[in-house]
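Which chain is which? The protein sequence lines are V and H, in order. To convert, take the position in the first sequence, counting from 1, and add 4; that gives the working numbering. To convert, take the position in the second sequence, counting from 1, and add 4; that gives the working numbering.
Keep in mind that a hint or two might mislead.
Remember, identical chains collapse to one label, so a pair may be satisfied in a single copy or spanning two.
With a cut-off of at most 25 Å between alpha-carbon atoms, the simulated SDA-like pairs for lysine to any residue come out as follows [claimed, not checked]: (1) 302 <-> 232; (2) 302 <-> 163; (3) 73 <-> 217; (4) 302 <-> 38; (5) 73 <-> 38; (6) 302 <-> 42; (7) 73 <-> 258; (8) 302 <-> 246; (9) 73 <-> 181; (10) 73 <-> 84; (11) 73 <-> 292; (12) 73 <-> 260; (13) 73 <-> 203.
None of these hints come from the bench; they were simulated from the model.
Protein chains: 2
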Amino acid sequence: VSARILSSSLVARVQAGQLHAVARLISRAEQGGPEVRPALAEIYRRAGRAHVIGITGVPGSGKSTLVGKLTGRMLACGRRVGIIAIDPSSPYSGGAILGDRIRMSEMAHDPRVFIRSMATHGATGGMAHTTLDAVDILDVAGFETIFVETVGVGQDEVHIAKAAHTTIVVSAPGLGDELQAMKAGLLEIADIHVVSKCDRSDANRTITDLEQMLMLGMASDGSNWAVEVVGTSSVAETGLDELVEAIERHRAYVARTPQGQPRGQAIAEFRLRKTAENLLLQRFADYFAREDGSSTGKLMRRESDPYSMAAALLERETLQNQ
Amino acid sequence: VSARILSSSLVARVQAGQLHAVARLISRAEQGGPEVRPALAEIYRRAGRAHVIGITGVPGSGKSTLVGKLTGRMLACGRRVGIIAIDPSSPYSGGAILGDRIRMSEMAHDPRVFIRSMATHGATGGMAHTTLDAVDILDVAGFETIFVETVGVGQDEVHIAKAAHTTIVVSAPGLGDELQAMKAGLLEIADIHVVSKCDRSDANRTITDLEQMLMLGMASDGSNWAVEVVGTSSVAETGLDELVEAIERHRAYVARTPQGQPRGQAIAEFRLRKTAENLLLQRFADYFAREDGSSTGKLMRRESDPYSMAAALLERETLQNQ
């Protein structure tokens with residue numbers, strides 16, 4: 005009964021655009037558990053209007069600054085803008101305070117903008133569906149453009165950026181070897197590539213390298229959208245209008261062509277899979293917490309092995325019911 | 005029957021120290037599946053002698069160079085050294101070719117060293133237990149010191165570095181805001197802190213900052229090991245002998261004091277949990293692949309929600325049997 009009450013009153017207030025209701029429901033979604041599910045289920049059914057833009061790139065590529073600049077332009081077009089930033093800063097300390105966030109604080113008091121940092125802390129497996137729940141909450145609250153910003157490191161982060169209508173991968177000149185190698189794994193998911201910091205003299209090289217890699221067919225996802233490369237500079241304020249135009253072109257492409265269909269299907273499938281996996285892992289965690297330490301002791305003494313013990317563990321419980 | 009044959013012959017050859025058998029069994033472990041489990045179970049029971057050292061740090065902190073230098077010193081002490089590098093480079097392309105790896109190639113032909121890069125590609129949830137299987141394979145093959153190097157971004161990577169007898173967190177001067185914020189999440193897991201690149205003039209500041217954070221109690225894990233901070237320079241070859249001494253001190257501490265016990269218990273528990281979770285997720289993936297697209301279609305049209313559909317999905321199958 006209390007879940008029902010939470011559901012109907014809070015969802016109604018979200019739908020009325022009340023920002024503290026939005027913030028509260030996102031927090032409840034982050035906490036997880038069965039109580040919040042009816043509300044999130046209702047949110048899901050009412051959502052589906054916003055344009056969701058995934059932005060990813062390795063650390064130092066200038067994602068947050070770019071999101072700030074794009075937000076300004078979207079506001080100028082009369083749109084309300086939601087920003088969900090997945091924050092890998094502190095898996096142990098649980099803080100969600102990237103330095104870059106602070107730079108966006110000029111917008112923090114604008115009621116047309118809602119910014120939320122979500123820590124990856126404690127969110128094994130659950131981060132993907134919680135993020136997508138947060139997107140839907142903002143959608144129902146009337147935000148027309150929603151940015152989902154993730155660091156392009158770690159599989160979940162990359163998949164989340166991909167589970168958007170339009171995915172932007174940000175590259176920057178002058179990153180180290182290790183970051184360059186990480187970047188390679190991101191290139192394929194981009195609908196639009198941005199090379200940031202184009203006020204730097206070595207940016208042309210980054211653009212050329214990127215265009216060469218794209219010619220090698222790295223960006224093919226079966227659709228006939230021609231992946232675009234846009235150079236921007238947040239300092240010199242160049243390339244940003246071109247980027248907004250590219251985003252709008254891709255939005256129209258997804259909405260009006262049959263190629264939008266498989267994209268939506270892939271997102272829905274990802275959503276269902278992640279929600280089910282998380283439910284399963286939560287049930288397992290509850291069950292595992294009730295185990296005594298005898299399995300661990302046997303394992304420590306190497307009297308058994310993790311495979312036999314894991315199989316035995318899963319035989320003992322169906323994990324079907326909460 | 006074929007699994008039994010794989011098990012007995014391959015494990016025997018690993019135990020005899022045959023490096024191509026080591027490489028083959030690690031590849032089989034990466035592929036996963038039920039066929040390789042008996043072999044890995046046997047490996048687990050025979051392992052437990054090596055000293056496992058987890059090394060982590062944000063991109064650009066100089067982890068790989070440090071592992072190379074430490075490997076040289078361990079070899080000089082008469083030890084055989086195994087290196088497992090978890091490589092986040094390319095989740096989509098599946099390549100495992102960090103530039104840093106190449107720098108270690110001088111050791112690639114030394115039979116006393118075994119280097120293996122493991123891509124995180126396709127390894128959702130499975131990476132942790134596959135890495136620990138690879139560690140055990142090297143252990144059974146007679147490698148006395150095993151380095152597990154992970155980028156300290158992403159929860160699994162951090163947990164893997166922590167699931168070692170000795171965990172080293174590498175910091176470096178002069179990293180950007182975003183990387184500094186990521187670093188904060190790593191500090192608590194260190195038994196030994198290394199500040200690399202101490203030939204740089206700004207390294208003293210990094211050491212001072214780190215020591216201040218440690219005074220604030222960030223490194224307390226309930227044991228009475230006094231966390232050490234060692235400054236190193238791979239260029240100037242300084243601090244490396246001190247680091248080897250600190251590692252040996254920690255090794256002796258874990259082996260000889262009762263505080264080693266909870267550490268081993270935590271590692272065994274992590275191992276069991278990850279193996280069971282992976283088994284569960286594999287069963288779910290097999291089951292989900294057999295689903296027709298009707299659930300996804302309903303979800304796309306927002307006629308239902310992910311929570312109801314996930315719960316219904318899990319009701320239909322017990323996931324108990326392979």
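Hint check, failures only: Of the numbered hints given earlier, those the structure breaks are 1, 3, 5, 8, 11, 12, listed in rising order.
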